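Novice: Heads up: the sequence lines are chains H and W, in that order.
Under our numbering, the very last position in the first sequence is 330; numbers go up by exactly one each time.
Under our numbering, the very last position in the second sequence is 261; numbers go up by exactly one each time.
Be aware that one or more of the hints could be misleading.
Sample of chain W residues at the chain H side, in silico, Cβ under 10 Å [unchecked claim]:
1) Arg152
2) Thr154
3) Gly158
4) Ala163
5) Ser164
6) Gly170
7) Trp171
8) Ile178
9) Ala184
10) Ala188
Since the hints were made in silico from the structure, they are not lab data.
All of these numbers come straight from a predicted model, not from anything done at the bench.
Where a beta carbon is used, it is the ideal one built from N, C-alpha and C, also for glycine.
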Amino acid sequence: MSDPLLSIRGLRAAYGDVQALDGVSLDIADNEFFALLGPSGCGKTTLLRTLAGFETPTEGTVTLAGEDLLALPPHRRPVNMMFQSYALFPHLSVERNVGYGPARAGAPRAQIAQRVAEVLETVGLSGVAGRRPHELSGGQRQRVALARAIVNRPRVLLLDEPLSALDKRVRSQMQLELKRLQHEVGIAFVMVTHDQEEALSMADRIAVLDGGRIQQIATPEQLYRWPENRFVAEFIGESNLFSAADFDVDGSYVVVRPESVRLVEGAGLLRATVLETQFVGGTTTLVAEPRGPVTVSRAPVLVRHGGFPAVERGAEVGLAWDASDMVVLR
Amino acid sequence: MAVKQRRVGWLGVPLAACLLFLYLPIVVLVVMSFNASRYALNYRGFSFHWYGVLFRDGELGRALLNSLVVALGATALATVLGTMLAVGLVRLARSTVLDAVAMSPAILPDLVLAIGLLATFAAIGVPLGLGTVLIAHAAFGTAFVVAVVRARLTQLDGSLEEASQDLGAGWLETFVRITLPSIAPAVAAGALLCFTLSIDEFVIAFFTDGPSTPTLPIQIYSRVRFGITPEINALATVLLAISAVTVVIVARAFRRTETDQ
């Protein structure tokens, strides 16, 4: 990557005895849609709040376009945040919520009005400029929060679980919209989420965090295809994790995705008894109890194939996969 | 409130008893204020006589003025200090011990506070007068304002203030533009509470006031010792009317800001 926009080096932060960030380093490019993904308590929110200026790290540096970001107080940082609760000011109209940032920057009144109108247009909310936040639907509030965060044209937009408060139908629509908007405004987005589907479908690159450490940084495809450790392999998508020794390969574990497992005549790589067949429309998932090598967590093996269930519950099957579909973890 | 009325039935009896218990003294007070008699305790026919006496009574007028000066001053001081203290406690300190310390003057027996204040004023050589009463009332008033404002602040979404900072407002601007409007009803309620507590406060005022500037409760007390005249009843009725009107106005104002939210 040539000259990253945002450069984070060796960041550490602690709450009492808990190490929230334990040496985090990463680079984010201009115009990139970057996701911080991990279970709750993994440090992703602390990292985002550190970038916004609401948490102070004990160690490490953050530079934005070459300038020391940590030296600036929150209200002087050229980054804006969209809060999980949206944090819309209840006593101000939509228009004044969105205009709050430009007004603090001292923009003249006419210019504020024009920019607010433009941004509301961009997020499709021109009709509700005069309303108060409590008069809006969840999806509309989310758009107001977004409009308010981009109206100042920040170098980086921070999004804290931006879609978690929306119901599923509105959420998938907003996913597309966020992505479109990101292309349109040309701002780097850093999004915190615990929802891997959201991260995989929206982000250009994803950093998977656990226990305050970065587990892997990669594109969604790479993350799914080439997980670098057991945590990532189990966290992203569904996987069958075996001990490497069971298949005579060097390394600690091997990972096989359910869709890479084939049903074969004869013994295959391992024999299994089908416990359950789940037809989910288009694809079928077989849950099978392996005999011989078992998975590391002793969980059943998952097999996914297209169409209707190929075998019945209780069937004895042979399972196999191509060596190239098997990821070996060090 | 459009709740459907249910039949009260026999529960009406204890209800009436409770209401009677609460309001009978007040009814007696009001009735007796229109008493033609010289003595407050036996009724001799309807008259506005004692209201006339009341409004010509310069001594009581001055006492009322003293009380108003103390109550307004103490309320102003307590509201500012209490709000600042509450914001600091909730946003910065987050310590239950400090919370308890800040609010304990509201719970401490008045007598303890009164003696303590008197001893303190004597120790540092402050002459007793309206100023010392004002400071004393501000002291316990602050604790009440803290209690009310703090409760509201803990419910306020802290990310509102963060959002304001994130959008370019410093802490002072954030406080004025975001925090204060959000807690305004609580600040007003705290101020009102402080005012009503101060205006009829007796024990602390009795200990910390000078001899030449009695507040209203002290003035009344010194007269009652020589027998209650219906003039005191008339005064109490006037105060009752004023507070009833105030309560209604404030309640309406609150309801408007609530629906505005």
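Novice: Go through the numbered hints given earlier and state which of them the structure violates, listing their numbers in rising order.
Specialist: Hints 1, 2 and 10 not satisfied by this model.
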